[in-house]
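Trainee: Letter by letter, the chains look like this.
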Amino acid sequence: MSTVVGLFNQQLSAINVGAEMFADDIRAQGATVTHVDWAPPGGGRPDVIAALTALSRSDLAAKIADANAEAVERIITSQPVLVGYAPAIDVVPGMTRKTILHAGPPIEFKDMAGTMVGAVTGALVLEGLADNVDEAYDLAASGEITFSPCHEHQTVGSMAGVTSASMFMHVVENRPYGNVAYTNLSEQLAKILRMGANDQSVIDRLKWMRDVFGPILRDAMISAKEIDLRMMLAQALQMGDEAHNRNNAGTTLLIQALAPHILDSAFSTKDKQDVFNFVASSDYFSGPTWMACAKAAVDSAHDIDYSTVVTTMCRNGVEFGIRVSGLGQHRWFTGPAQYIEGPLFPGFTKEDRGRDIGDSAITETYGIGGFAMACAPAIVPLVGGTVEEAIDYSRQMLEITTTTNPNLTIPILAFRGTATGIDIRKVEETGILPLINTAIAHKDAGIGMIGAGLTHPPIEAFHAATLAFAAKYC
Amino acid sequence: MPTRSLIKKNKYIDSVSLMAISTKAAALDGVVNAVAAMATPMNKDVLTNQGLMTDDIAEATPGDLVLIVVTNGDEAGADAAMNALIGLLDRKPTGQASEIVHHTIAAAAAARPDANIAVISVNGQYAAHEAGKALDAGLNVMLFSDNVPLADEIALKRRAHDAGLMMMGPDCGTAIIGGISLCFANKVRRGRIGIVAASGTGAQEMSVRIHDFGAGVSELIGTGGRDLSAEVGAIMMLDGIAALDTDPGTDVITVISKPPAAAVAEKVLDRLAASEKPAVACFLGAGPELMKAAEVRGVQLFNRTKPAALAAVIAGGAREADLDLHEINRPLIEEVRAKLAPEQRYIRGLFCGGTLCDEAMFLALEKFGDVYSNIQKDPAKRLKGSDPSRAHTFLDFGDDEFTNGKPHPMIDPSNRIERFNAESADPEVGVIVMDFVLGYGSNPDPVGVMLPAIIEAKGAAAKTGRHLEVLGYVLGTDRDEQGFEEQVKKLTDAGVTWASSSTNTGILAREFVSEGEDA
Numbered sequence: 001m002s003t004v005v006g007l008f009n010q011q012l013s014a015i016n017v018g019a020e021m022f023a024d025d026i027r028a029q030g031a032t033v034t035h036v037d038w039a040p041p042g043g044g045r046p047d048v049i050a051a052l053t054a055l056s057r058s059d060l061a062a063k064i065a066d067a068n069a070e071a072v073e074r075i076i077t078s079q080p081v082l083v084g085y086a087p088a089i090d091v092v093p094g095m096t097r098k099t100i101l102h103a104g105p106p107i108e109f110k111d112m113a114g115t116m117v118g119a120v121t122g123a124l125v126l127e128g129l130a131d132n133v134d135e136a137y138d139l140a141a142s143g144e145i146t147f148s149p150c151h152e153h154q155t156v157g158s159m160a161g162v163t164s165a166s167m168f169m170h171v172v173e174n175r176p177y178g179n180v181a182y183t184n185l186s187e188q189l190a191k192i193l194r195m196g197a198n199d200q201s202v203i204d205r206l207k208w209m210r211d212v213f214g215p216i217l218r219d220a221m222i223s224a225k226e227i228d229l230r231m232m233l234a235q236a237l238q239m240g241d242e243a244h245n246r247n248n249a250g251t252t253l254l255i256q257a258l259a260p261h262i263l264d265s266a267f268s269t270k271d272k273q274d275v276f277n278f279v280a281s282s283d284y285f286s287g288p289t290w291m292a293c294a295k296a297a298v299d300s301a302h303d304i305d306y307s308t309v310v311t312t313m314c315r316n317g318v319e320f321g322i323r324v325s326g327l328g329q330h331r332w333f334t335g336p337a338q339y340i341e342g343p344l345f346p347g348f349t350k351e352d353r354g355r356d357i358g359d360s361a362i363t364e365t366y367g368i369g370g371f372a373m374a375c376a377p378a379i380v381p382l383v384g385g386t387v388e389e390a391i392d393y394s395r396q397m398l399e400i401t402t403t404t405n406p407n408l409t410i411p412i413l414a415f416r417g418t419a420t421g422i423d424i425r426k427v428e429e430t431g432i433l434p435l436i437n438t439a440i441a442h443k444d445a446g447i448g449m450i451g452a453g454l455t456h457p458p459i460e461a462f463h464a465a466t467l468a469f470a471a472k473y474c
Numbered sequence: 001m002p003t004r005s006l007i008k009k010n011k012y013i014d015s016v017s018l019m020a021i022s023t024k025a026a027a028l029d030g031v032v033n034a035v036a037a038m039a040t041p042m043n044k045d046v047l048t049n050q051g052l053m054t055d056d057i058a059e060a061t062p063g064d065l066v067l068i069v070v071t072n073g074d075e076a077g078a079d080a081a082m083n084a085l086i087g088l089l090d091r092k093p094t095g096q097a098s099e100i101v102h103h104t105i106a107a108a109a110a111a112r113p114d115a116n117i118a119v120i121s122v123n124g125q126y127a128a129h130e131a132g133k134a135l136d137a138g139l140n141v142m143l144f145s146d147n148v149p150l151a152d153e154i155a156l157k158r159r160a161h162d163a164g165l166m167m168m169g170p171d172c173g174t175a176i177i178g179g180i181s182l183c184f185a186n187k188v189r190r191g192r193i194g195i196v197a198a199s200g201t202g203a204q205e206m207s208v209r210i211h212d213f214g215a216g217v218s219e220l221i222g223t224g225g226r227d228l229s230a231e232v233g234a235i236m237m238l239d240g241i242a243a244l245d246t247d248p249g250t251d252v253i254t255v256i257s258k259p260p261a262a263a264v265a266e267k268v269l270d271r272l273a274a275s276e277k278p279a280v281a282c283f284l285g286a287g288p289e290l291m292k293a294a295e296v297r298g299v300q301l302f303n304r305t306k307p308a309a310l311a312a313v314i315a316g317g318a319r320e321a322d323l324d325l326h327e328i329n330r331p332l333i334e335e336v337r338a339k340l341a342p343e344q345r346y347i348r349g350l351f352c353g354g355t356l357c358d359e360a361m362f363l364a365l366e367k368f369g370d371v372y373s374n375i376q377k378d379p380a381k382r383l384k385g386s387d388p389s390r391a392h393t394f395l396d397f398g399d400d401e402f403t404n405g406k407p408h409p410m411i412d413p414s415n416r417i418e419r420f421n422a423e424s425a426d427p428e429v430g431v432i433v434m435d436f437v438l439g440y441g442s443n444p445d446p447v448g449v450m451l452p453a454i455i456e457a458k459g460a461a462a463k464t465g466r467h468l469e470v471l472g473y474v475l476g477t478d479r480d481e482q483g484f485e486e487q488v489k490k491l492t493d494a495g496v497t498w499a500s501s502s503t504n505t506g507i508l509a510r511e512f513v514s515e516g517e518d519a
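Line order of the protein sequences matches chains E and B.
Mapping to the numbering used here: the first sequence position 275 is 275, numbers consecutive.
Mapping to the numbering used here: the second sequence position 399 is 399, numbers consecutive.
Worth double-checking, as some hints may not be accurate.
In silico SDA-like links for lysine to any residue, alpha-carbon gap of 20 Å or less [said to hold, decoys possible]:
no. : chain 1 : residue 1 : chain 2 : residue 2
1   : B       : K8        : E       : P336
2   : B       : K8        : E       : L55
3   : B       : K339      : B       : W498
4   : B       : K44       : E       : E20
5   : B       : K406      : E       : P336
The hints are simulated quantities; they were obtained by calculation from the structure and are not laboratory data.
Bear in mind the structure is a predicted one, so any value in this text is a computation, not a measurement.
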């Protein structure tokens with residue numbers, strides 16, 4: 001902090017915002033100057049700028065700072081532990097035989113994207129509620145089925161996120177805070193229910209997962225008792241994963257931990273071999289595990305008065321929804337889900353892309369995934385871009401977060417922690433949107449994954465949240 | 001005519017850069033009109049008036065960039081022009097590749113604990129918010145932006161005052177802090193005279209005169225043009241005086257402003273009187289009551305810039321006898337009068353600098369009643385920028401009316417050239433007066449851009465047997481990058497009469513078109 005007379009006695013050292021020529025002139029005179037790459041805050045919307053100004057009032061800013069410190073302290077000190085696998089109907093709060101949980105903010109069946117419709121109808125066939133997908137479509141449209149966001153049931157779901165009663169779930173306990181998070185099992189790749197595919201091969205696989213894969217994992221965890229996911233995640237990041245789209249290391253670590261207990265289970269050698277082969281068929285096996293880990297950590301920071309920290313980012317293929325810690329349990333702020341930019345599998349074109357979908361952005365909400373791209377230079381060919389960009393993304397995310405997480409570090413950035421605690425005010429001030437590193441599903445039901453790439457939330461969701469925050473607290 | 005338009009969502013470029021880009025694009029082959037602008041309501045109005053509005057542009061937000069080219073060739077040519085315009089958006093890389101780019105003042109300040117001032121020149125509607133962020137970060141502020149609401153200015157200045165920080169501006173164009181010139185300022189000698197200025201070109205004129213008299217400037221603090229209004233109450237000027245009062249590098253305190261609100265003027269004079277250091281005030285156009293108020297308090301007050309600068313230099317220890325006072329050249333006045341026909345009676349002042357315009361106008365008002373201007377206080381004598389001149393007319397091309405959507409005339413001379421061409425053809429014109437402002441921020445060759453028009457007009461007048469008197473003032477020092485001597489030489493070589501100061505400019509102009517010896 002400098003005072004006026006202090007300023008006269010110091011070397012002038014400037015920060016320039018606006019016309020760059022003024023910075024050039026200051027630099028030419030031998031003084032230090034930093035030119036800010038500025039854009040209008042709040043996307044230039046006067047109402048949002050007024051809200052930001054109101055939130056910067058010193059007494060309020062102090063309360064927000066305290067609340068956010070509490071929120072990120074909870075996220076950082078969370079210790080998510082895998083304690084078991086169980087059918088959704090047995091563990092997920094509010095689950096019924098006729099309930100379908102889905103990714104993203106609330107949505108009615110008639111408004112769902114093709115990808116999600118494909119998954120919903122496939123799940124109804126799996127549950128024996130319909131004989132085929134046509135019947136399932138009629139049932140879904142009939143009003144007999146309860147649709148609800150995973151996020152409102154301590155659950156997250158990858159891509160379509162469709163979760164039905166019989167599906168086996170990860171059960172992840174957050175030790176210091178006692179909350180529990182759930183997510184279903186990876187179907188591996190690529191023609192799968194979560195991507196909107198629903199033919200007989202998809203249903204058959206889901207039945208095997210329900211009848212063999214899930215129970216073997218359940219029994220293995222009864223034997224293993226618990227696996228510390230945070231420690232394993234930290235290790236995976238250092239081994240080159242970012243834990244959203246690249247899970248090579250995490251999957252190896254997880255199956256390594258489970259293997260002795262799988263072998264110890266009462267199933268046939270053939271069943272155990274099928275499990276190992278299935279896990280080996282895609283490195284995505286641990287992807288959902290990290291989602292549940294992230295969900296358990298971030299949920300502990302939800303519902304803290306005055307906190308501007310984002311505790312949910314998710315998409316249903318039509319809308320992108322966020323929730324903010326200080327704005328209440330089930331309050332959603334939404335904007336249109338974006339298209340994902342990135343390479344597509346051969347034979348597909350940009351016109352085939354569905355919009356952004358899935359609860360997997362819980363990883364970015366926690367500070368991994370796109371936020372930890374610098375950990376995973378090997379992912380660059382999959383999502384497009386360069387290694388330098390990957391490193392820059394991880395640096396840039398610090399501008400919109402509250403702090404770094406010392407428990408999850410990035411070797412190439414001198415073991416700096418991952419950017420943690422997205423602050424809606426910082427997103428609005430900088431115009432920098434959280435980076436999400438995600439898969440691309442086909443826009444139509446029944447086809448599946450067609451590529452991967454990078455995307456971001458719509459700024460509208462942050463505008464709505466910022467205005468609501470100012471309305472609540474100013 | 002083939003037209004192309006494109007919207008770049010969430011792409012922000014500052015307006016000064018955009019205007020430079022538009023200007024470059026308009027100069028491309030086959031381009032009739034080019035637009036690169038943020039989709040603000042104001043810019044949308046402009047596009048609607050130009051018939052360039054589209055549904056897409058109507059839906060764009062102020063955070064979106066609109067690009068338009070109107071061409072006179074074929075469709076392929078229009079595509080090529082749009083590509084060329086997009087190419088102009090690519091910014092030159094700044095600094096080393098490894099330099100970390102910051103997107104907010106807060107982030108930059110956190111990374112630069114040594115930072116002590118923020119220089120802010122964003123669009124007025126965002127300026128107060130950014131200035132508040134800078135104060136939050138413990139930075140002094142120079143707020144160049146104008147069009148900031150008065151209530152915001154008052155709130156910012158109060159906050160800065162309470163935090164012991166400087167809030168220079170809004171609408172502060174000039175400052176020199178610790179020997180570093182900020183925004184529109186000249187390169188002047190470092191010395192022991194401190195200046196607090198409520199007008200940008202007034203500040204430039206004072207600092208340049210002090211330099212020219214052989215002395216130097218310790219600190220030049222800008223306050224913004226509204227600081228001495230009754231509403232703001234000179235918060236920044238009083239803080240600035242207090243800072244100079246305690247600054248060991250300052251021996252003399254000087255203030256300059258257009259005529260302030262009376263109660264505020266007295267507060268400023270009281271504060272100056274309270275200082276142990278000698279103080280000199282210059283309130284342009286100050287009337288007898290204000291002069292009296294200063295006299296009672298023992299503060300030297302002037303209503304012209306040159307005598308104020310001289311008094312400051314003398315208060316700083318210089319001997320008047322040792323100085324080149326640039327006295328008025330009386331034979332020159334007679335010489336010019338002899339060249340003018342009887343109907344050539346009027347002054348037409350075309351100014352870039354508001355204070356320079358003011359000073360010339362006040363000097364004319366001492367002699368004439370029929371003085372019109374776009375900055376006249378008397379509504380009966382006020383002209384719009386687009387109105388034709390009447391009698392003695394003084395135009396400030398830096399006024400909002402001319403700068404709305406266009407760069408300041410110190411950068412872009414086009415408005416003034418157009419007006420000059422009109423005035424030079426008027427047989428009633430006795431003298432056209434123009435200022436040429438050098439220093440940081442200004443056009444790299446302000447005389448050069450005006451010269452072809454001057455030469456042509458003088459030639460055209462000569463053909464009809466009429467003398468066209470042009471009086472030019474170059475505001476600058478021998479240290480300014482534009483080259484002071486060179487700029488003056490270009491003027492005199494073209495037959496322009498050179499004035500050595502703002503005060504002399506005003507005196508010469510009015511004397512050229514009057515009779516008697518009342519200089």
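Trainee: For every hint, state whether the structure bears it out.
Mentor: We went through each hint and held it up to the structure:
1. For a cut-off of 20 Å, the pair hint linking K8 (chain B) to P336 (chain E) stands: about 18 Å separates their Cα positions.
2. Under the criterion of a C-alpha separation no larger than 20 Å, the hint pairing K8 (chain B) with L55 (chain E) is inconsistent with the structure, at around 30 Å.
3. For a cut-off of 20 Å, the pair hint linking K339 (chain B) to W498 (chain B) stands: about 17 Å separates their Cα positions.
4. A threshold of 20 Å between alpha carbons decides the hint, and for K44 (chain B) with E20 (chain E) the separation of about 25 Å lies outside it, so the pair is violated.
5. Straight-line distance between C-alpha atoms of K406 (chain B) and P336 (chain E) comes to about 36 Å, which puts the hinted pair past the 20 Å bound.
Of the numbered hints given earlier, the model fails hints 2, 4, 5; all others are met.
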